[in-house]
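Chain by chain, the residues:
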Amino acid sequence: MQQTERMNKAMKTIRLVIFTSFSVLAVVLSSVAYTAEPIQLPRQDWHFSGPLGTFDRASLQRGYMIYRRVCAACHSMKYVAFRNLEDIGYSEAQIKAIAAEYTYTDGPDDEGKMYERPGLPSDRFKSPYPNHNAARAANNGALPPDLSLIIKARHRGPDHVYGILTGYEEAPEGVTLRAGQFWNRYMPGHIIAMVPPLAEDMITYEDGTPQTMEQYARDVVTFLAWAAEPMLEDRKRAGMKVLIFLLIFTGIMYAIKERIWTAVR
Amino acid sequence: MSSTERANFKNPVIRWIDQRLPIFTLMRKEYKVFPVPRNINYFWNFGAIATFMLVVMMVTGIVMAMHYTADTRFAFDSVERIMRDVNGGWLIRYVHMNGASFFFIAVYIHIFRGMYYGSYKKPRELLWILGVVIFLLMMATAFIGHVLPWGQMSFWSATVITNLFSAIPLIGDDIVTLLWGGFSVDNPTLTRFFALHYLLPFIIVFVLLLHICTLHVAGSNNPLGINAKKPQDTLPFHPYYTMRDMFGLLIFLVIYAVFVFYMPNVFSHPDNYIPADPLVTPAHIMPEWYFLPFYAMLRAITFDISIPFTDIILINAKLGGVIAMFGSIILLFFLPWLDSHPVRSARFRPLFRFFLLTLVLDFIFLGYVGSQPADAELLDIPLNHLGLAATAYYYAFFLVVVPLLSKVETGREPPVSIHQAVLQADKRATDGKNE
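Residue numbers (our numbering), protein chains in the order written: chain A, 1 to 265; chain B, 1 to 435.
Worth double-checking, as some hints may not be accurate.
Claimed, not checked - Under the rule of at most 20 Å between Cα atoms (straight-line distance), these lysine to aspartate or glutamate pairs were calculated in the EDC-like manner:
hint: 1; chain 1: A; residue 1: K12; chain 2: B; residue 2: E413
hint: 2; chain 1: A; residue 1: K236; chain 2: B; residue 2: D85
hint: 3; chain 1: A; residue 1: K126; chain 2: A; residue 2: E86
hint: 4; chain 1: B; residue 1: K32; chain 2: B; residue 2: E5
hint: 5; chain 1: A; residue 1: K152; chain 2: B; residue 2: D85
hint: 6; chain 1: B; residue 1: K318; chain 2: B; residue 2: D174
hint: 7; chain 1: A; residue 1: K152; chain 2: B; residue 2: D277
hint: 8; chain 1: A; residue 1: K126; chain 2: B; residue 2: D77
hint: 9; chain 1: A; residue 1: K78; chain 2: B; residue 2: D71
hint: 10; chain 1: B; residue 1: K32; chain 2: A; residue 2: E258
hint: 11; chain 1: A; residue 1: K126; chain 2: B; residue 2: D85
hint: 12; chain 1: A; residue 1: K152; chain 2: B; residue 2: E288
hint: 13; chain 1: B; residue 1: K427; chain 2: A; residue 2: E258
hint: 14; chain 1: B; residue 1: K122; chain 2: B; residue 2: E409
hint: 15; chain 1: A; residue 1: K78; chain 2: B; residue 2: D77
hint: 16; chain 1: A; residue 1: K257; chain 2: B; residue 2: D426
hint: 17; chain 1: A; residue 1: K96; chain 2: A; residue 2: E86
hint: 18; chain 1: A; residue 1: K126; chain 2: A; residue 2: E92
hint: 19; chain 1: A; residue 1: K96; chain 2: A; residue 2: D106
hint: 20; chain 1: A; residue 1: K78; chain 2: B; residue 2: E80
hint: 21; chain 1: A; residue 1: K152; chain 2: B; residue 2: D77
hint: 22; chain 1: A; residue 1: K78; chain 2: B; residue 2: D85
hint: 23; chain 1: A; residue 1: K152; chain 2: B; residue 2: E80
hint: 24; chain 1: A; residue 1: K152; chain 2: A; residue 2: D234
hint: 25; chain 1: B; residue 1: K229; chain 2: B; residue 2: E413
hint: 26; chain 1: A; residue 1: K236; chain 2: A; residue 2: D45
hint: 27; chain 1: A; residue 1: K236; chain 2: A; residue 2: D56
hint: 28; chain 1: A; residue 1: K126; chain 2: A; residue 2: E116
hint: 29; chain 1: A; residue 1: K126; chain 2: B; residue 2: E80
hint: 30; chain 1: A; residue 1: K152; chain 2: A; residue 2: D45
hint: 31; chain 1: A; residue 1: K78; chain 2: B; residue 2: D277
Hints are computed from structural coordinates only; laboratory data are not their basis.
Just chain B, with the same shape it has in the complex (with noise of 0.2 Å):
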């Protein structure tokens, strides 16, 4: 370290620090002078904003974690408690309440983005897999969060979810009273719950600083999806993109705040306002809305899997559920090696684009299918059909479309230079304007 070229920075103070511990000239480095190219559009927002709900989370959660209580008696007065008597609790409590919906909003948007512009691929398969793991680490930390205030949909979502593991094959009801403590959802589930809510999200902290880390070696990606290779190229990230990404992060949080002070209970199901009852099942257990999608894949297989012609059963129908939800998740690790087209963004790759934004309208429409009852109907088709129609191009675009596209999609060729193309744009703009 101590060969690391320093930065000279004027205050003796700083100096004195950035000899023994480079701190600043990292910060520099990294923060002020870090080339992002020019023309990345207000989807490379959301990364920053994903971060920035990161902390909002953590500094409530904190928070509340002081004033709640887990043990099955007193969570949901605890909760109430926090709600009524806690000074600005109820704050607190919305801002946390809403803020994992916002924070899967920005998460969904950014995931799209990476698949849209090509940033999975070369050199950043490793940036990309380190952020299917922070979604994996979200949606755990998500999901037991929501079992935390001892509602009726906690309580029943916590059972159904947890109850899935015992699907899997010889050790998967060792798992389940693993996850219980016992042999059902009950006191010992929700200590534990409540130790891993605090602490999952420290390991989030630890895995997004080795994507940021990533990211920093590779650089972003950008509309183009073509390498920056001159100045020209890019721009400082201080102050082009911090100011950028402050104005958008606002606007986020404009909405934000609309539904934690006018709609702070849309998103949540009014069934956990009733405190958790084991021997009252609510007619329909449902999940967070952003695991619905997920959740119609789970219930998309209602068949099972037999040796053709014999009557054995090689995957039963809650085996087959399981494995087409967690399936759904695992091919993203493997979505750089799917897709092997040299050309990133798909801006470039009409085919693409048409296949990726119908696994939107896909993903879109599962999340319907999930938030319905299991025996609806669409159109007189069970919506189960439907759903399985639904998952089947979700893993039909991984596993079908995109290598096939990858040998067939000619696409077209992306300009040879970030500048060039600016230029070309802001002419074109001019151009525009003048006629």
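So here's chain A without its partners, still in its complex pose (with noise of 0.2 Å):
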């Protein structure tokens, strides 16, 4: 009985040892994750985070509309197609008449021959270069990523594309930049060849949304979230739905198991 009595005591120091070197080695390899990424990046609010997040229409159609009048004209972003604004609130009519603004070039007809017509709602966006090289030509050798996934395809993303954008800074002494060549805060690297793309008051909002441009920055990124993961609201609704059933009938089956088991006992 006493022999029991210390082994016990020993299981408990066993046990104390394994539990604090766990402690240890959670706290200091924490530590040197958080050290690992030097550029710390500005941490923001998102509608659509959480597991209650939405998209806010208005931001999107708002980041819509920047992404067409200054975004496209170097990025493309070949997976959207324009019959899916409608999810983003406009109308048929409006993504008839906004596709229809695009000229594709389509075919071969009858003849054999390929030819110019509007764009159609099942159209996807209309990238701004004809393929890679073209792009790099226009763009001092530096590709404009494509932008459909832009947000799943960086650590952070929704954080890291929002830096990027509001990130634009003066070189620090010392550093020469090349023509083309920008210095930002939160580019790993901190050389960008993209052109500073957001400035105050460069776009009209008429519903009074401030003309700023960490709101515009903010606009385009909840766009962005929304082109990289457009199915987010019905993943979050399917997965309440889903947690509620499989919730319930794991309390159904702890009763079962339960009653069953109290008979052995």
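Dock chain to chain to rebuild the complex, using the hints, since each chain is given by itself in its own frame.
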């Protein structure tokens, strides 16, 4: 009996040692993980984050406007179609009108010739350059990335893109930038080939939203987040239903299991 | 077969079938009245959970294969099409993508349970070996599956991992060419990986059936690690364990659903949402999280092993890393013979238990090392050196600690019977309540 007592004490000590080493390891590692990322991204509250987050429709539409007038000059968005704009609150007629503003090459027709036609809702957003080489040639050798998935393709995507859009600064002393290069606080390596895209009052908001660079950046990021994950709202809604179902089912199974097992205890 | 004793079924149709093909008798024997030790805990749930995950992966995988295009020009686009245009496609893909992670979580816990309670010991050696085979097949399947979306991480981890085979002397380069179907990771690589990704799960199912058959010969182990001797020691599989496994599975599914619906991309690297580009190398090439400990072992060997006092290199650093990585899994095959201690459960072997739990910490630490850049430092020590030390402990555990403990450790005497132990535990619990 005494031996078991001693054994229990030894077990307790071992458990304590293991628990402590786990905690120490966790603390040490977390601080290292923290310093591993030298660039501290600006932390923003996004309407679409969190388990109940949804996209702010007005912000989405403003973001789309900025994308069309500013970003689309250089950046493609080839996975999004005009028909998808219905998700962000445009009517069918509006979408038809927007699509028709672009011309697409289609064909071949009955005579084997390619022809030009206005865009349709089923078309994907038109890319500004016919191919990567053309894009590089027009941008000092830098390739403007496709923006369809940019938010999911970066660590902490929304904060990252917001940081890039608002992070332009004077280059520090001693750094010489070549023509077509800019200094950005949040770009890995700090040198970026993108011309500062946003400036105060560059686009008129008719709904009275402040026309600041930060507001523009927030709207564009919201739009890009939707483009990267258009099913985000469906996903979270479905998640609620699935979780409620699973939790109820788990409760029932627990009750059944308890009932069956009490007989043998 | 005709001499098999049949169970007596009331339903005439079932009886008619059973007399000609005794599947109902078989199911009754193996899944209804099958005796299971009455003291097994929730760690024993993970075999069923892993099996369930295999089914989930196969069902979602087959649906995705209907929409996926195995061609370097279209693979990435076809995955985006599944996400955006296929009805419910995003759900199927996120279930599959996170399913891989949760499959590995279940299997890692399952393996840990086997080691902790000595489930690999006689008479379950072959059961354990078949399990390790399944683990290897799973790793191969997961690795090639991760290549299919053809993002940056797909392409570059495929390049890094397939290149490892070139370290094998003499035939290495030919093996790599065979894997690639050419001279670099390209379209032929993708098409053969797709074919294999579809094939391997069926091989896993086959080995899993053998795994389960072997289990049903010896029966389940239990936390005390002693054999079930009398009928009081066991309970029938149904309804006791069917219902309890269901409850455990549902808890697992709740956690799984939280990831699928609320953070579907946390397990994967953001670079995989960038289409593969053979001309742009990512800053840090990283495998999926479940391979990180092995990746750390691969990178830990940075020195050539040569014959002392000569310049003859026996094993260069690359081959050394590859041996360290694959060897770590091959070792598992020999565990039943490395550990010859008569007591199964770590409950009665405090020393073994201490070293095993340290191994778990060591393995988690290796995972952390694998997740960091190769030149990272921790407290001013190059992380790689710590990775080497952790790798050394991993090997020492299997090759030194376990064989040594089998000889040295006396441990405690396990109770005589399961029934007795359960009764005592219940008594103690009720006494505690009364006080």
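These are the hints, each one checked on the structure:
1. Distance restraint check for A/K12 and B/E413: the Cα-Cα separation of roughly 19 Å lies within the 20 Å cut-off, and the hinted pair is therefore satisfied.
2. Distance check on the hinted pair: A/K236 and B/D85 sit about 18 Å apart at the alpha-carbon level, within 20 Å; holds.
3. Our distance criterion of 20 Å between C-alpha atoms is met by A/K126 and A/E86, whose separation comes to about 17 Å.
4. Taken as a hint, the B/K32 and B/E5 pair is honoured in the structure, with Cα atoms around 16 Å apart against an allowance of 20 Å.
5. Our distance criterion of 20 Å between C-alpha atoms is met by A/K152 and B/D85, whose separation comes to about 18 Å.
6. Of the supplied pair hints, the one linking B/K318 and B/D174 holds, its CA atoms being roughly 17 Å apart against a limit of 20 Å.
7. With a C-alpha separation of about 17 Å, the suggested pair A/K152 and B/D277 falls inside the 20 Å cut-off, and the hint holds.
8. Proposed proximity of A/K126 and B/D77 is supported: the alpha carbons are some 16 Å apart, at most 20 Å.
9. Taking the CA atoms of A/K78 and B/D71, the gap is about 18 Å. The hint holds against a cut of 20 Å.
10. Proposed proximity of B/K32 and A/E258 is supported: the alpha carbons are some 19 Å apart, at most 20 Å.
11. Distance check on the hinted pair: A/K126 and B/D85 sit about 18 Å apart at the alpha-carbon level, within 20 Å; holds.
12. Pair hint A/K152 plus B/E288 holds up; C-alpha atoms about 17 Å apart against a cutoff of 20 Å.
13. At most 20 Å may separate the alpha-carbon atoms for a hinted pair to count; B/K427 and A/E258 meet this at roughly 19 Å.
14. Taken as a hint, the B/K122 and B/E409 pair is honoured in the structure, with Cα atoms around 19 Å apart against an allowance of 20 Å.
15. The straight-line distance between the Cα atoms of A/K78 and B/D77 is roughly 10 Å, inside the 20 Å bound, and the hint therefore holds.
16. Between the alpha carbons of A/K257 and B/D426 the distance comes to roughly 18 Å, so the proposed pair stays at or under 20 Å and holds.
17. Our distance criterion of 20 Å between C-alpha atoms is met by A/K96 and A/E86, whose separation comes to about 11 Å.
18. With a C-alpha separation of about 19 Å, the suggested pairing of A/K126 with A/E92 holds against the 20 Å cut-off.
19. A C-alpha spacing of about 17 Å is found between A/K96 and A/D106, which places the hinted pair at or below 20 Å, so the restraint holds.
20. The suggested pairing of A/K78 with B/E80 holds, with an alpha-carbon distance near 11 Å, which does not exceed 20 Å.
21. For the suggested pair A/K152 and B/D77, the alpha carbons sit about 15 Å apart, so the restraint of at most 20 Å is met.
22. For a cut-off of 20 Å, the pair hint linking A/K78 to B/D85 stands: about 14 Å separates their Cα positions.
23. With a CA separation close to 12 Å, the supplied pair A/K152 and B/E80 stays within the 20 Å bound.
24. Restraint check for A/K152 and A/D234: satisfied, since their Cα atoms lie roughly 17 Å apart, inside the 20 Å limit.
25. Proposed proximity of B/K229 and B/E413 is supported: the alpha carbons are some 17 Å apart, at most 20 Å.
26. Taking the CA atoms of A/K236 and A/D45, the gap is about 18 Å. The hint holds against a cut of 20 Å.
27. For the suggested pair A/K236 and A/D56, the alpha carbons sit about 15 Å apart, so the restraint of at most 20 Å is met.
28. With a C-alpha separation of about 13 Å, the suggested pair A/K126 and A/E116 falls inside the 20 Å cut-off, and the hint holds.
29. For the proposed pair A/K126 and B/E80, the alpha carbon gap of about 17 Å is at most 20 Å, so the pair holds.
30. At roughly 17 Å between alpha-carbon atoms, A/K152 and A/D45 fall within 20 Å of each other, so this suggested pair holds.
31. Using a Cα cut-off of 20 Å, the hinted pair A/K78 and B/D277 holds, with the two alpha carbons roughly 17 Å apart.
The earlier numbered hints are all upheld by this structure, with none contradicted.
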